[in-house]
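Colleague: The chain contents come next:
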Amino acid sequence: MVPFDRLEEAHARRSVLSDRSFIAAIYCATIVFVAVVVGLFVMLFAGSWPAIQSFGLKFFWTSSWNPVTSQFGALPMIYGTVVSSAIAILLAGFVGVYAAAYLADFAPRLVARPLSFLIELLAAVPSVVFGLWGLFVLSPVLRDRADPFLEAHFGFVPLFSGPIFGTSLLTAGVILAIMIVPTVCAISRDVIMAVLAEHREGSLALGATRWETMWRVILPGAKSGIFGACVLALGRALGETIATTMVIGNKPAIAASLFQPSYTLASVIANEFTEATTALYQSALIELGLLLFLVSMVVNGFARLLTWTVLRPSRGR
Amino acid sequence: MRLRHLASGAGVVGSGLCAGIAAGILMLILAYVVREGAPAVNWSFLTGVPHPVGVPGGGVANGIVGSAIIVGLATVIALPIGTLTGIYLALYGRGPFADAIRFLADVLSGIPSIAIGLFAYTIFVAPFRHFSGASASVAFAILMLPLIIRTGEEAIGGVPKRVREGALALGISSYAATMHVVVPAARAGLMTGLLLAVARVTGETAPLLFTAFGSQFWELNPTNPMASLALQVFTYAISPYEDWHQQAWAGALLLILAVFILNVLARFALRSRTSR
Numbered sequence: 058m059v060p061f062d063r064l065e066e067a068h069a070r071r072s073v074l075s076d077r078s079f080i081a082a083i084y085c086a087t088i089v090f091v092a093v094v095v096g097l098f099v100m101l102f103a104g105s106w107p108a109i110q111s112f113g114l115k116f117f118w119t120s121s122w123n124p125v126t127s128q129f130g131a132l133p134m135i136y137g138t139v140v141s142s143a144i145a146i147l148l149a150g151f152v153g154v155y156a157a158a159y160l161a162d163f164a165p166r167l168v169a170r171p172l173s174f175l176i177e178l179l180a181a182v183p184s185v186v187f188g189l190w191g192l193f194v195l196s197p198v199l200r201d202r203a204d205p206f207l208e209a210h211f212g213f214v215p216l217f218s219g220p221i222f223g224t225s226l227l228t229a230g231v232i233l234a235i236m237i238v239p240t241v242c243a244i245s246r247d248v249i250m251a252v253l254a255e256h257r258e259g260s261l262a263l264g265a266t267r268w269e270t271m272w273r274v275i276l277p278g279a280k281s282g283i284f285g286a287c288v289l290a291l292g293r294a295l296g297e298t299i300a301t302t303m304v305i306g307n308k309p310a311i312a313a314s315l316f317q318p319s320y321t322l323a324s325v326i327a328n329e330f331t332e333a334t335t336a337l338y339q340s341a342l343i344e345l346g347l348l349l350f351l352v353s354m355v356v357n358g359f360a361r362l363l364t365w366t367v368l369r370p371s372r373g374r
Numbered sequence: 015m016r017l018r019h020l021a022s023g024a025g026v027v028g029s030g031l032c033a034g035i036a037a038g039i040l041m042l043i044l045a046y047v048v049r050e051g052a053p054a055v056n057w058s059f060l061t062g063v064p065h066p067v068g069v070p071g072g073g074v075a076n077g078i079v080g081s082a083i084i085v086g087l088a089t090v091i092a093l094p095i096g097t098l099t100g101i102y103l104a105l106y107g108r109g110p111f112a113d114a115i116r117f118l119a120d121v122l123s124g125i126p127s128i129a130i131g132l133f134a135y136t137i138f139v140a141p142f143r144h145f146s147g148a149s150a151s152v153a154f155a156i157l158m159l160p161l162i163i164r165t166g167e168e169a170i171g172g173v174p175k176r177v178r179e180g181a182l183a184l185g186i187s188s189y190a191a192t193m194h195v196v197v198p199a200a201r202a203g204l205m206t207g208l209l210l211a212v213a214r215v216t217g218e219t220a221p222l223l224f225t226a227f228g229s230q231f232w233e234l235n236p237t238n239p240m241a242s243l244a245l246q247v248f249t250y251a252i253s254p255y256e257d258w259h260q261q262a263w264a265g266a267l268l269l270i271l272a273v274f275i276l277n278v279l280a281r282f283a284l285r286s287r288t289s290r
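Line by line, the protein sequences are chains A and B. So for the first sequence, our numbering puts the first residue at 58; every next one is plus one. So for the second sequence, our numbering puts the first residue at 15; every next one is plus one.
Because the hints were derived from the structure by calculation, they are not lab data. Each residue gets a CB set at the ideal place from its N, CA and C atoms; glycine is no exception. Treat the hints loosely; a few may be bogus.
[Said to hold, decoys possible] Pair ranges (Cβ atoms, derived):
no., chain 1, residue 1, chain 2, residue 2, range
1, B, G38, A, V139, 51 to 61 Å
2, B, S58, A, E255, 52 to 62 Å
3, A, V214, B, T61, 52 to 62 Å
4, A, F117, B, P53, 47 to 57 Å
5, B, D113, A, C85, 27 to 37 Å
6, B, G38, A, L147, 11 to 21 Å
7, A, L114, B, Y106, 56 to 66 Å
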């Protein structure tokens, strides 16, 4: 267990570096890390300064995005980002939490392990592959099958009416949902397991069925952790770039229908940044990046606080 | 009474269905990528460079090499900073400053990669007016840092205190006790973190759009614009050419293979630690 042979080796090499410079190196690395995070904010802020000066707060609630006239309003992208992420978290939250309940409690071990493994691998699939699959497989299926079905049955809701495009807000939402399911599922499973360990036997002993135990005892107990998992996943959906860019249609307009193309903060940066010819155009795009940065800081910070409080004691960190 | 048990059964089955859906979608995506991509993977695809539009054939070798160089350079940057910060957190990390670092690392892991790409652009591309593979490496290094730091802290912190204390009691320096005793003992965990971090950035595309930028040619010099496999998959996929779509699927297959192998290796590294 204790590598004694290494101790001797260490003895031989002990004067390579003095303690003081070693500890200095450790602190340097730590400070570099902090500097990177601070630098991220500073550089993005500096880069967006021209846009902040010329548009002010108007930037966030006007909806004309016109590089030719140098008019930049981010509202369509904010709308597209919020709606696509909302669709994603609605779908992924539902599937992910139930899947987590199954994996944590109901599934036989023989099933739980490979299923968990597959869902974890889903998290590892590169986003460009999701985009590729979404573009060539999912979006035609939605366009030809699912969207017409929704329109036929729920067409009275403006969200599901109007002309149908393959690359749309809905397609982006569904792809994002697939991408964030593993996040919701993995963290929720950990949280549920932590609560299970405490309360499962007690509830079962009182005569509750397995489902009642899960639904009335475990899930309420794991509520804040699961909420944290969903917020974390939401953060991922808000900032996801490549897959969204490939399936959302990239049109800076707000439409009532989910079948229409849209745009997100991240995808407009991905699409237009290298083509941004004027300094103001580029600055406006960087301001979108700054907005993304700040929003995901807040969302992630909030999520970590929620999941930390649940997971920390059980992991004994 | 019966109803309650029926409802319980239905709930169990329903939740199982949800888990099945999530895993099933992965299988579905894999199946498509293999079906569409595998026929296009051949020797010239693996060793050639892209052909001009309209000329059939061509390969992604420059992208594979470009990805390797960009990720390799990113590892060289991120590994020392991340590991040392991890050591700080595990061995010296008490108090509000250390907690702030942990919090920053957690939050940084959720910052969209595109924002980090913009950062790399503003400090390494805009001043030189020149896209470069190295600027992409900087962006990737920042993406890798949180994972390396947190897994590093966990791995180092997992080495029993007595190992380090024993080493120190023998009179060796704190440096030697850490780097030659504690770090080797935590090797498996550190390796896992590194592999996961590499896996995370290997498939990353967004920051490359305005850092590495992409290239149609062989480019081994990281101060120039460079090709990358993930970026090639993206540009080919959104192009209007049928031939390129197929290459995009084939490239996606390679990407998935690379990322899965890295993930499995990471699990393997971790398992070898726990079984020892």
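Colleague: Evaluate each hint against the coordinates.
Modeller: Each hint tested on the structure:
Between G38 (chain B) and V139 (chain A) the CB atoms are about 29 Å apart, so this pair departs from the stated range of 51 to 61 Å. Judged by the Cβ atoms, the range 52 to 62 Å given for S58 (chain B) and E255 (chain A) holds: they are separated by roughly 60 Å. Separation of V214 (chain A) from T61 (chain B) is about 54 Å and conforms to the stated range, judged on CB atoms against 52 to 62 Å. The hint said 47 to 57 Å for the Cβ distance between F117 (chain A) and P53 (chain B), and at roughly 48 Å that hint holds.
Distance hint check: the CB atoms of D113 (chain B) and C85 (chain A) are about 20 Å apart, inconsistent with the given range 27 to 37 Å. Distance hint check for G38 (chain B) and L147 (chain A): the Cβ-Cβ separation is about 19 Å, which falls inside the suggested range of 11 to 21 Å. Distance hint for L114 (chain A) and Y106 (chain B): a CB-CB separation of about 44 Å, inconsistent with the stated range 56 to 66 Å.
Going through the hint list in order, the structure does not satisfy hints 1, 5 and 7.
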